[in-house]
Amino acid sequence: MTIVNLAPEQLDAFGAELDDLRRRTVEDLGERDREYLERVVRAQRGLEFAGRALLFAGFLPPAWVGGVAALSLSKILDNMEIGHNVMHGQYDFLQDPAYEGQAFEWDTACPGDHWRHSHNYRHHTFTNVVGEDRDIGYAVVRVDESRPWKPSDLGNPVYATLLAAFFQYGVMLHDLEVERLMSGQVRWRDTAEQRDAMARKLASQTLKDYVLWPVLTGPSAPLTLAGNAVANLARNLWAFTIIFCGHFPDGVATFTKEEAADESRGGWYLRQILGSANIDGGALFHVLSGNLSHQIEHHLFPDIPAHRYAEMSVEVREICERYGVPYRSGGLARQFGSVVSKIVRFALPWGGSSDDRTPAPVLAFPVGPSTREEALAG
Amino acid sequence: MLRPLVDEAHDGPVTFVHYGFTLDDVCYLAELRQLVDALPRGRLLLGCTDRPGEGDLDGYFGAEHLAAIADDPAELDVYLCGPAPLMDAVVERFDAIGLADRVHLERFAPLPTAIEVGDGSLAFTRSGVSSPSVGTVLETAEAAGLTPRFGCRRGICGTCTSTKSSGVVRDVVTGVESSADAGPIRLCTSVARGPGAVDL
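Chains as they are written, first to last, in my numbering: chain A, 654 to 1031; chain B, 19 to 218.
FYI, nobody ran anything at the bench for these hints, they're computed from the structure. One should not assume that every hint holds.
Unchecked claim - Computed list of chain A residues with no C-beta within reach of chain B, every gap over 12 Å:
1. P715
2. M740
3. F908
4. L937
5. P979
Said to hold, decoys possible - Computed spacing ranges between beta-carbons, pair by pair:
6. B/G163 with A/V718: 24 to 34 Å
7. A/D681 with B/D43: 51 to 61 Å
8. A/A666 with B/S139: 33 to 43 Å
9. A/A914 with B/P101: 14 to 24 Å
10. B/R21 with A/G837: 16 to 26 Å
We put the beta carbon where it would ideally sit given N, CA and C, even for glycine.
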C-alpha cells in the first residue's frame, strides 16, 4: 500500500511549487496558443466539410467510409480538444467572443450550460469525493467500494456498454441527477427549465444529424443517416474510453467528504493527482483525446490551454517524485484494460477485494486546514 | 460525521445522541434518521429537554442518560459538539468515572480576524452600482446587492468569470496581480487593488 506522508507544511510547499509552474505558464500564454487553437479549429472544419461532402457520394462504399471517418474525427475534435477545453475558459485570455468559455456551444446533445455546471463546477471542484462528484461511474456504473453492492449491480458491464454507446445522451442527462429525482431529493417540476434546455438542444442536434443532412443528400438519405449515426457512435465510444481511463483505473483514489473538507491549496492539488490517471501516447493521440490523456495536469490546471499539459507534465512528474506522491500513467490498452476489469469485478459483491489490483494510495495526514483567510489577508 | 461513516459502509456500533428543546427543534431530523438507518449497527437517541416523553431521553444529560447510551461507558469513544453547558456536563461525567480521555470535542472557535481588503473600490458598470471593496470582487458585488453567477467560490470552475473593464486585481489563490487592461477575471478569487470597474 502506498502511503502519502506529507505534513501540512510539506503540503504547502508542494502546492507552492505547482502554483509556481502555473504562474510561469500563465505568463507565457499568448500568440502560440491562439495559433494552436485556430489550427485545430481549421482542421475540425475541414474534416466536417469533407465528411458531409463525401456522404453526398455515400452510395460509393469508399466515400461512405471516408465520410464517416472524417465526420467522426470532426466531432471528436469539436467535443474534446475544442469544446471541452474552451468551455473551461482555457482561451478566455484571448478575449475573443468566438472562444469565450461561458458562451461556447458544442456539437453534442448536452447543453453547454449544463456541462459547465456538472463538469466544471461539480466534477472539478469535488473530484473523486464520494457523494459530491457524480462522475464516479456517472452515478450508473459501480466503480468504487464506497457504493454498497446491490443485486442490480450484476448488470454493471451492460450498463457501462450502454453508457459508452449512448454517451452523448448520458452526458446530456447527467446534470438532471436522475437518481436524486427518483429518491425524491429533487422535485420533477423544479427541473422544468433544465428539461426545456435539454429538449431544445436534443431537437437541434437530432434535426441536424438525422433529418437535415440526410434529406440534403437526396437519394442517399438513409446512407447519410446511418453514416451520421456511426460518427456519433464512434465519438461516443472514444469519449467514454478517454474519460473512464481518466479516473477509474486501479490505484486511483476516491475520498470522503470529511477527508476533503477544509483542504489547503496543496491538499486540493494532491487530491487531484491521487484521483486522476494519465494515458501515454503520441502527439496525435493527445490531440484526439483533447489532451485529457494528461488528466492529472488537466485537473491541476483546468483553465490552462490543454495543449500545454504535455510540457507541464515533465515538471509535475518531477515534483511528484520529490514529494513521494504517486503519479499514475500507462498506455491506453493497460489503462482501459484496468477499467474494464474493474467494471466487471464490481458487478460482483466481493469484486472490490481482488488481490491483483493496485491499491489506491492512502493519506497519512488530512489535506489540511483552509488557508483562504490567510491568503485573503496576505 | 455520519455521512462519511455511511459512505465508508462502516459496520461498527454507532449511537448518535442529539438534544433539542422539542423534536421540532431537531434540525434535519428526517435526514438524520435516514443516515442512522443506513448504518447496520446505527442507533439514534433523541433527547428532548422541554417535553418529557417526546424523545428517547428526557431533560438534560446526566448519569441516567449515559446508562441509556451504553451499558459500559468504558467501551465508548465520544465525539462531542454542542452548547457549552451540554459539553461541560458530558466532560464532567466522564471525568468522574475516570474516562476523560475518551471524549473528543470540538468547540466553535471565534471568527478569524478580519480580512484585509486594501483600499479598493469597484464600479459595477451594467447595474450602475459602486461600492468600496469588502472582500473578493464576488463578495463585494453581493454586498452591493448584485447576484452574479458563481460555483465553487475558490477559483476552480470559472462559473463567475466576468470582464473587468479597468483596474488591477490580485488573485488571492495564486497571489498574481492582473494588468490594468480589460480582461476576464474570476470574481471569487480576485480582490481589487484600487479603483476598478467590472461588467456586472
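Going through the hints against the structure:
no.	hint	in the structure
1	P715	holds, 44 Å
2	M740	violated, 9 Å
3	F908	violated, 10 Å
4	L937	holds, 28 Å
5	P979	holds, 22 Å
6	B/G163 with A/V718: 24 to 34 Å	violated, 60 Å
7	A/D681 with B/D43: 51 to 61 Å	holds, 57 Å
8	A/A666 with B/S139: 33 to 43 Å	holds, 36 Å
9	A/A914 with B/P101: 14 to 24 Å	holds, 22 Å
10	B/R21 with A/G837: 16 to 26 Å	holds, 18 Å
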